[in-house]
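If you read the protein sequences in the order shown, they are chains A and B.
Residue numbering for the first sequence follows this note's numbering, starting at 10 and increasing by one per position.
Residue numbering for the second sequence follows this note's numbering, starting at 10 and increasing by one per position.
It should be emphasised that the hints constitute simulated quantities derived from the structure, not laboratory data.
Since this is a predicted model, take the numbers as computed values, not measurements.
Where hints are given, some of them may not hold.
What the hints assert, rightly or not - Pair ranges (Cβ atoms, derived):
| id | chain 1 | residue 1 | chain 2 | residue 2 | range |
| --- | --- | --- | --- | --- | --- |
| 1 | B | G291 | A | D245 | 22 to 32 Å |
| 2 | B | M257 | A | R311 | 17 to 27 Å |
| 3 | A | P273 | B | D245 | 36 to 46 Å |
| 4 | A | E141 | B | V252 | 50 to 60 Å |
| 5 | A | E308 | B | R48 | 44 to 54 Å |
Stated by the list, open to error - Every beta carbon over 10 Å from chain B, so not counted as near; a handful from chain A, in silico:
| id | residue |
| --- | --- |
| 6 | C56 |
| 7 | A236 |
| 8 | C292 |
Here a beta-carbon is modelled for each residue, glycine too, at the ideal position from N, C-alpha and C.
2 protein chains.
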Amino acid sequence: MRYGVIGTGAVGGFYGARLARSGQEVHFLLHRDYEYVCRHGLSVDSCDGSFRLEHPYVYADSAQMPPCDVVLVALKSTNNHMLPRLLPPLLRPGTLVVLIQNGIGVEEDVQQMFPGVALAAGLAFICSAKTEPGRVNHQCYGSINIGNYSCRESDIVERLVDELREAGIEANSVEYSTARWRKAVWNMPFNGMTVALGCQTDELLQHPSTRNLVREQMMEIVHATRAMHIEGVDEDFVEKMIVTTDAMTPYSPSMRLDWDFGRPMELEYIYTRPCRMARDAGCPMPRLEMLEAELRFMEGERGKDKGSSH
Amino acid sequence: MRYGVIGTGAVGGFYGARLARSGQEVHFLLHRDYEYVCRHGLSVDSCDGSFRLEHPYVYADSAQMPPCDVVLVALKSTNNHMLPRLLPPLLRPGTLVVLIQNGIGVEEDVQQMFPGVALAAGLAFICSAKTEPGRVNHQCYGSINIGNYSCRESDIVERLVDELREAGIEANSVEYSTARWRKAVWNMPFNGMTVALGCQTDELLQHPSTRNLVREQMMEIVHATRAMHIEGVDEDFVEKMIVTTDAMTPYSPSMRLDWDFGRPMELEYIYTRPCRMARDAGCPMPRLEMLEAELRFMEGERGKDKGSSH
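Next comes chain A alone, as it looks inside the complex:
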């Protein structure tokens, strides 16, 4: 199939490059490192084997991109307001748009921007970073789950999963809501708590007080999903997430990196929306709401600093 990648960063760059290496036609939208990639190609330093695309199809402007069968959107969700400008050139009837983004509620909002378009969620389980122009550093993991949100032709979702597998990626088709909320079980505690307490995942789990708190926050999600009749998010999964994270090397989640580098945090989709949905279902998540309030405070205070220094 012909693929487009909107947001060629640590995640979009990785999956797109792997698909291209395995022979798919992949068109990359680049921003800051467009010139660099034109000259030097796109490198992937990877625990699964490093490689370089010498001459990928790259663009600085999505208006120059062709219509695609599948578009992987791997922008930060804080940039989704750019989609009405970026996405239309890549769409033709039947295009599947896969939102490889964090949080809950992105499909709902993007669907409102593009009412007729087929959407799926891409849940990436990957530790990767874009450390310099044209260079993706893939440290570990790398699987991706695809959850169909509004695509009526399941063929294309299955074909996407097949072609990802052909590219050596562990890919699966999963139930949309369950997948998004299972990912939230990890994302909601670890993203925000590492920012609020200025630490990494390992420190949170080493202290008995915060280890217990992380579990309680995860259990808030278990109870909320139960109230929303979403299956597959249970206490066993919580324990699995904690044990899995125990086994990880100390990790700074994406929100911690966003905070450290002065970028906006993905508060809307990682906290506000799921907290509101849980509350609307009669099962609020007080600890996660509190975490959101703390993060909003921190972002507001930093905004003041920035304002006063200019």
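Since chain A is already given, all that's left is putting chain B on it; use the hints.
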């Protein structure tokens, strides 16, 4: 009456000095600034009028102190393990010991140390600091409520209130549990949140997210006290605390000062005990429990830093 003051700091120094100025016999236990006060007296710089006690009764060792009618204990509650050594010389049958300390549960624990002794809580509403040796800086407020905990002779409690009033202090006798928990309504959100977010009271109330969070934390106490059948802690009181704090100049609560100066925080009585009591009563306070977990994490991390630097 004859008074003893254990802990001549910002609070004990203030009330003791005011009682002494009004003619009461007050014996002060001093620690670091004993020598200084022997030579230069005890100064109170106060919004209500500054003064100095030229030759107060001061002691470096409580063994030298006489038995007293009333002992004001104004140590940090983190130093209460010192009471079995400090307090006995000041006790005679009938001595009233007033714990002018923050939190919930101090009387219970001190009563276990001194089973027969008459105890009362002293709830001080005061902004004061000990800025240098022998010098109390009283910025504003200054009232004190006395809540009888285990004193069978109410005479002495009333006489204490009278003599405080004669000293120009706004003093009242109040119901013990209600008073302690009403104070917790302010103390629990503001002490910890100013540490967790590195801010003062005004910033917490200016941000909509944390203003709402502070109110929700206060409401957790309202609900918990209801479950414990403690009266007088209601939503109106919560609103009053918020409006009162809005009107205050930006303030760093005692826990924030403790944190900033590298002193241990009063986590046990300000968080652990009230949270446990609420949970035992079937009405846990999740946001305040989370705040405690964050503070314990911060204290633990700082402990590690200290450990590694020595």
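Now the hints, each set against the structure:
1. B:G291 and A:D245 have their C-beta atoms about 27 Å apart, which keeps the hinted 22 to 32 Å range intact.
2. Remark: the range hint 17 to 27 Å for B:M257 to A:R311 is upheld by a beta-carbon distance near 25 Å.
3. In this structure the hint that A:P273 and B:D245 lie 36 to 46 Å apart at CB holds, the actual value being about 39 Å.
4. Against the hinted window of 50 to 60 Å, the Cβ-Cβ separation of A:E141 and B:V252 comes to about 53 Å, which satisfies the hint.
5. Distance hint check for A:E308 and B:R48: the Cβ-Cβ separation is about 52 Å, which falls inside the suggested range of 44 to 54 Å.
6. The claim that A:C56 is not at the interface with chain B holds, since no C-beta of that chain comes within 10 Å of its own (minimum 30 Å).
7. Consistency note on A:A236: stated as away from chain B, and its beta-carbon is indeed over 10 Å from all of that chain's, at 16 Å minimum.
8. Under the 10 Å C-beta cut-off, the non-interface status given to A:C292 relative to chain B holds; the minimum distance is some 13 Å.
The earlier numbered hints are all upheld by this structure, with none contradicted.
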